[in-house]
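So the sequence shown is numbered by numbering that gives the first Met the number 0: it starts at 0 and just counts up by one.
Read the hints as simulated data drawn from the structure, not as lab findings.
Glycine included, each C-beta is placed from N, C-alpha and C at the ideal position.
Hints may contain errors.
As the list claims (entries may be wrong) - If you anchor each label on the Cβ, the simulated ranges turn out as follows:
{"id": "1", "residue 1": "V63", "residue 2": "R231", "range": "17 to 23 Å"}
{"id": "2", "residue 1": "E195", "residue 2": "D2", "range": "30 to 36 Å"}
{"id": "3", "residue 1": "G223", "residue 2": "F280", "range": "24 to 30 Å"}
{"id": "4", "residue 1": "E141", "residue 2": "D39", "range": "38 to 44 Å"}
{"id": "5", "residue 1": "E284", "residue 2": "R231", "range": "45 to 51 Å"}
{"id": "6", "residue 1": "D191", "residue 2": "D2", "range": "31 to 37 Å"}
{"id": "7", "residue 1": "R265", "residue 2": "V63", "range": "37 to 43 Å"}
{"id": "8", "residue 1": "S47", "residue 2": "G173", "range": "42 to 48 Å"}
{"id": "9", "residue 1": "T67", "residue 2": "A137", "range": "33 to 39 Å"}
{"id": "10", "residue 1": "E135", "residue 2": "P279", "range": "33 to 39 Å"}
{"id": "11", "residue 1": "D200", "residue 2": "E128", "range": "42 to 48 Å"}
{"id": "12", "residue 1": "F280", "residue 2": "V63", "range": "39 to 45 Å"}
{"id": "13", "residue 1": "A124", "residue 2": "G66", "range": "19 to 25 Å"}
{"id": "14", "residue 1": "T296", "residue 2": "R150", "range": "38 to 44 Å"}
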Amino acid sequence: MSDIALSTMWAIGQFERLADFFQAGQALGFAHFELNHGVDSAMLAGLSLNGSITSVHEPCPADVSAGTLKARNWLVSALDEEERRRGVAAVQRSIDLARELGAGAVIVHPGRVDVDPGLEFSLLALYREGKAGRPEYAAARERLLAARAARAGANMRSVRRSLLELAEYAAPRGVRLGLENRYHFFEIPQPDELDELLHLDGAEGVGYWHDVGHAQVLENLGFGTHEEWLRRFSGRMVGIHLHDVVGVDDHQAAGRGEVDWSLVARHLPAGALRTCEFQPFNSPEQVRAALDLLRRTLGARQPGA
Numbered sequence: 000m001s002d003i004a005l006s007t008m009w010a011i012g013q014f015e016r017l018a019d020f021f022q023a024g025q026a027l028g029f030a031h032f033e034l035n036h037g038v039d040s041a042m043l044a045g046l047s048l049n050g051s052i053t054s055v056h057e058p059c060p061a062d063v064s065a066g067t068l069k070a071r072n073w074l075v076s077a078l079d080e081e082e083r084r085r086g087v088a089a090v091q092r093s094i095d096l097a098r099e100l101g102a103g104a105v106i107v108h109p110g111r112v113d114v115d116p117g118l119e120f121s122l123l124a125l126y127r128e129g130k131a132g133r134p135e136y137a138a139a140r141e142r143l144l145a146a147r148a149a150r151a152g153a154n155m156r157s158v159r160r161s162l163l164e165l166a167e168y169a170a171p172r173g174v175r176l177g178l179e180n181r182y183h184f185f186e187i188p189q190p191d192e193l194d195e196l197l198h199l200d201g202a203e204g205v206g207y208w209h210d211v212g213h214a215q216v217l218e219n220l221g222f223g224t225h226e227e228w229l230r231r232f233s234g235r236m237v238g239i240h241l242h243d244v245v246g247v248d249d250h251q252a253a254g255r256g257e258v259d260w261s262l263v264a265r266h267l268p269a270g271a272l273r274t275c276e277f278q279p280f281n282s283p284e285q286v287r288a289a290l291d292l293l294r295r296t297l298g299a300r301q302p303g304a
């Protein structure tokens, strides 16, 4: 069995019961699992997980769904204090679940900059139309850059406050927080923002959760490089989400896209938690092949590292 975990992302909409997902994952070679933000308390009821959960992705348990949190702006980056407080509470519930299950880490989305998401959706549409090298793409990219730069400071102030509260909550519970790089450029953090958050006084136990696919998508869109995230933050890496990318379509099984897995392997710390984060459209055969590829490319995690 592998020390690489499989996220319940692969279960959602595919298995009626989580128990069936765990059984299928074990048959494919997985002994460990991550609970993602599609899992609520009812889905967990009655399960005996026997120490198999290595990480929890907030806002699991998703009794208030990730979609609801976004729609209501209950995010750790919110400028409104009540909205920010509700975002913090959602992450705290994930910390509590991680402690209960013996999971070592919670993956945290640090929110977003309050810009019009349509600016980025237009950019993505141009990319999908094959117009990434055209003037209209460059103009759309510059509009997004300018809008984000103008608004990021206020949201980052909220994130800093939230992170200090969460670090104080997580530390006595023995749970590490991993700040995840995000799919959308308007989301937080970008590299310099992550560097700032990782060096906050009072947040020394907070680390980085590297998402391979998100970094690759941002590179494809023209926002930095995948290698920059790995080079700058591997020393603070708590864990990693492993999935492949075709263009701007992520959560493909490893080996189905354009990710340079040798690059990932060169920067991956021996002690980092490793999770395959595949959408349900990947077949069991593709998941098994991906696990084989990752075992060969990344090697084994050192026990207790």
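Hints, verified against the model:
| no. | hint | verdict |
| --- | --- | --- |
| 1 | V63 / R231: 17 to 23 Å | 33 Å, violated |
| 2 | E195 / D2: 30 to 36 Å | 32 Å, holds |
| 3 | G223 / F280: 24 to 30 Å | 28 Å, holds |
| 4 | E141 / D39: 38 to 44 Å | 41 Å, holds |
| 5 | E284 / R231: 45 to 51 Å | 36 Å, violated |
| 6 | D191 / D2: 31 to 37 Å | 33 Å, holds |
| 7 | R265 / V63: 37 to 43 Å | 39 Å, holds |
| 8 | S47 / G173: 42 to 48 Å | 21 Å, violated |
| 9 | T67 / A137: 33 to 39 Å | 36 Å, holds |
| 10 | E135 / P279: 33 to 39 Å | 35 Å, holds |
| 11 | D200 / E128: 42 to 48 Å | 46 Å, holds |
| 12 | F280 / V63: 39 to 45 Å | 26 Å, violated |
| 13 | A124 / G66: 19 to 25 Å | 22 Å, holds |
| 14 | T296 / R150: 38 to 44 Å | 39 Å, holds |
Violated hints, in rising order: 1, 5, 8, 12; the structure is consistent with all others.
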